[in-house]
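Trainee: The primary structure of each chain is shown beneath.
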Amino acid sequence: MRNALVLASLLLLGSLVAFGQGYAEMPADAKIIPIGEAGTLYETMELGVQGGTLTIANIEDPRGWNDQIAKETSTTYFTNRMLRGLVTLDHLSGAIVPELAKSWDISEDGLTITFHLRQGLKWSDGTDFTSADVLFTFNDLVLNEDIDTDSRDGLVLPDGSYPVFSAPDDYTVVVEMSVVFRPVLTQLSTNINPKHALEQYVAKLNPDVTPGTFNESWTLDMDLADLVGMGPWMVVDYQPNVSVTMERNPYYYAYDSAGTQLPYYDTHVSAIVANQNVSMLKFRNGEVDTYGVRPEDIPILLPEGPAKGFEVMITDLPLYGTTWFCVNQDIGLAEGTLNAKREVYRNVKFREALAHLIDKQTMITNVLNGLGAPQWSPISMPSPFYAGRDYYGGPVTETNAAWFEYDPAKAAGILDDLGVVDADGDGWRDLPNGEALAIEINTNDNTVRTGYCLIYQDDLRNVGLNATFQVVDFNTLVGRLLGSSGDIIQLGLTGGDEPNSGRNVYGSCSGLHAYRYSACDDPTEVDLRIDELYSLGTSTFDLDEAFAYYAEAQDLIARDLGYIYMVNRTFQYAYYEYVGNAQFSSPTSTPGGANGLLSELCFDKRL
Amino acid sequence: MLTYMIRRTLYMIPLLLIVSLFSFTLIKIMPGDFLTLARLNPLITEETLQTQIERFGLDKPFIVQYWFWLKNIVTRGDFGMSYETRMPVYKSLFLGNRLPWTVFIALSTLILTYIFAIPIGIYSATHQYKPSDHIITFLGFLGLSIPNFFFALVLLWLLVVVFHVGDYGLSVGNIMDMHYYGAPWSWDKIVNILWHMWPVWVVIGTSGMAGLIRLMRGNLLDTLALPYVTTARAKGLKERIVVYKHAVRNAINPLVTILGLTLPNLVAGSIVTAIVLNLPTVGRSYFAALQRQDEPVIMAGLLFFSLFLLIGNLLADFLLAWVDPRIRYD
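So the sequence lines, in the order shown, correspond to chains A and B. Here the first sequence is numbered in the numbering used here, starting from 14 and rising by one per residue. Here the second sequence is numbered in the numbering used here, starting from 3 and rising by one per residue.
Careful, some of the hints might be misleading.
Here are the simulated DSS-like pairs of lysine-lysine, each with C-alpha atoms no more than 30 Å apart in a straight line [to be verified]:
| # | chain 1 | residue 1 | chain 2 | residue 2 |
| --- | --- | --- | --- | --- |
| 1 | B | Lys30 | A | Lys84 |
| 2 | A | Lys217 | A | Lys135 |
| 3 | A | Lys217 | B | Lys93 |
| 4 | A | Lys84 | A | Lys44 |
Calculated directly from the structure, the hints in this document are not laboratory data.
Could you build all of it, start to finish, from the sequences and the hints given here?
Mentor: Have a look at this one:
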């Protein structure tokens, strides 16, 4: 079967007309990955050889090939492999490192960033890459109101304006801002799009088309030979519901330390498998090379690995994102009801009692098969800004963690002190004014979330809180959360390395401040300080200074218990031993079934 | 007959209109919309959400949205664009060879089901209450009662974990190995398709077979009890001729009618199997649209399935008139 695969790949290669011949020699500005070089993060990796096919499985079909319109990971898995940004977040360190720009300078006042682009690079069709492509991407796509992209959202400066992009020459790009905005660097990792291939769809540049045309370009039905990119692979074949096949880009500009052009694999196939169980069967059947392991798969895969020749990587690194219980501090506010309940919910001591009732260890053991980590901060643990570290990017020590350890006795004591006691002798605690206190916990139909809620319900009931748990439809759940009509809701949010996205959650007037929307009109001192810290965090390029602001914000948020953080899954995956360098991975590259592999550095050991 | 056919076909138009209104209402009653997930994304601002809401017209009253949807279909034949893929809905539903594959899977399963169900039904009837009849009936009901998704998973599990087909280079799921999809037709490809299709036929086929077997068995038993069969036997005809030439011919009529009704069921009913067995069918793209609340695609998919159902009904009526000379529509 593998022979047949190679044959099919050769057939595909033969049919490619759009690809150029590749570089005659390594470009002077090529990106060199220091594989095997002592003192680097790549020290223990092996040099590979070119050739072979890497097969992975994705759960959903891509929605298109248009990078700016792409939103979910089933699409960005491919667009992020076909395109590159000015800078990128290093998968191993999380730091911002050069990509299409070989270096950049930040002016004294922090208002101007000058990028120096790599010279002599070409797009996959052989066209030169220049600053015109960068200007096209930012001025004509990202900052163009006609285009449905959320890349624009990350570029809004604190004063509401946008950065101004200009290019003094073919290989220099200048970004000017009205105020200092540190996260702009992260935002500039946005993929650069090919001007020569896409400008025909932009109404601003081509008066013959209507304003929305770009949004409907590079859709799934396009001729794939027209795709142009800068990344390691280009999509050459798409079979709906079956597979996406990518071939190496002959003009990819990254090389290993021995001078071999990357990626090592010639072909990268993504099988589209709609069901996780089938995905695992296909892995066990040797049809795919890697698999993103769920906690429940471990007992099956671990014993089978040695015989079948695959490894199961179990790490203690939590994935990005948060999971929490949201206690609605505005409950009944709009209707003018439940005043006594709202008053109790707004008391931080009461929320502390609720936090002390979250049995994180049992949740990890029973729901996640032990493959989880407790969480306390709004910022994901892999982020260099995570306050469980002592300094920016430092090791996780948790010396500053704001834990609320599981302690039902302490919780009961707090409740007693607050007067939340059983006044009428029915066995359930009542509100201080004697009204009955009934708590409803909601989440959607999801085994893991349901598991968390059942454990929590039991713990609340054990201290005499009359809690009931009810599963509701996902959209209803979101409606209750964002409509401020829920009671206690269990859900989670996505996260990343850059803490500034948290402003859209913890900023007192933000749309996801779902635990207390009224904070916008009536902010507490804590709310105001959090707002201030998020502003300060973006106003300096000094990462240690920014770290200090975010550390204080994390501490305040964790102690304010708006969202009460719980546990997070850790990162697991499995791979066949013949995939070289597969033991190096990072949750940074996990989303969308990449299974964490640094796929362009993997190679086939059997070649 | 011709006027009847024309009249029946014309009736489909108001029916489809009513179906579309009902479907549209149901979709709108569902909590949330296409942008629900985006609302939970900290990276997306309120302004962007608002722009999207306006672009998709989600801020307009329900009846206005329905009116625009209907108007575009009637005046321009435009069923709308998918929110998700930004393609016209028919491409979102049918891209690639989804439609031919769906028809292939449905028809081949249908034919196989009949090929097996009719003889088994006849055998079962002629061996009434014998152990073989009980065994066949039991197996038939087993196939009917096991949920398709579970049966499909068990089959795949057996192949991979018990029989280790991977060691022989055989893959599971799909209609063929991935690399054959784009490849030209060859003998190898056909063999490969046969290897991949048998679990599909078994899973989808067994679920429909029990009913047909019971129906064939019941009809034939009824017919065999009729006086004309006794007459035939009394004339000294061979039992084979009595059963096949005289009884089966009359007993099979209702099965022909059911043929038309089975068609829509095979298309819509195999969605779950298609997901587990990874089949590139219209059902898969329709299911994806449902999950994402991609309304234009859901609406188009519902209309497509309704049309299939109506055509199936129509065919059933025509077939009945054709096979049974006693039936006349005027």
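Trainee: Going straight from one Cα to the other, do lysine 30/B and lysine 84/A come out at no more than 30 Å?
Mentor: 24 Å, holds
Trainee: Check the hint pairing lysine 217/A with lysine 93/B against an upper bound of 30 Å on the C-alpha distance.
Mentor: 28 Å, holds
Trainee: Verify the proposed pairing of lysine 84/A with lysine 44/A, using a straight-line Cα cut of 30 Å.
Mentor: Judged against 30 Å, a Cα distance of about 28 Å means the pair holds.
Trainee: Verify the proposed pairing of lysine 217/A with lysine 135/A, using a straight-line Cα cut of 30 Å.
Mentor: Holds - the C-alpha atoms of lysine 135/A and lysine 217/A are around 25 Å apart, at most 30 Å.
Of the hints listed earlier, there is not a single one the structure fails to meet.
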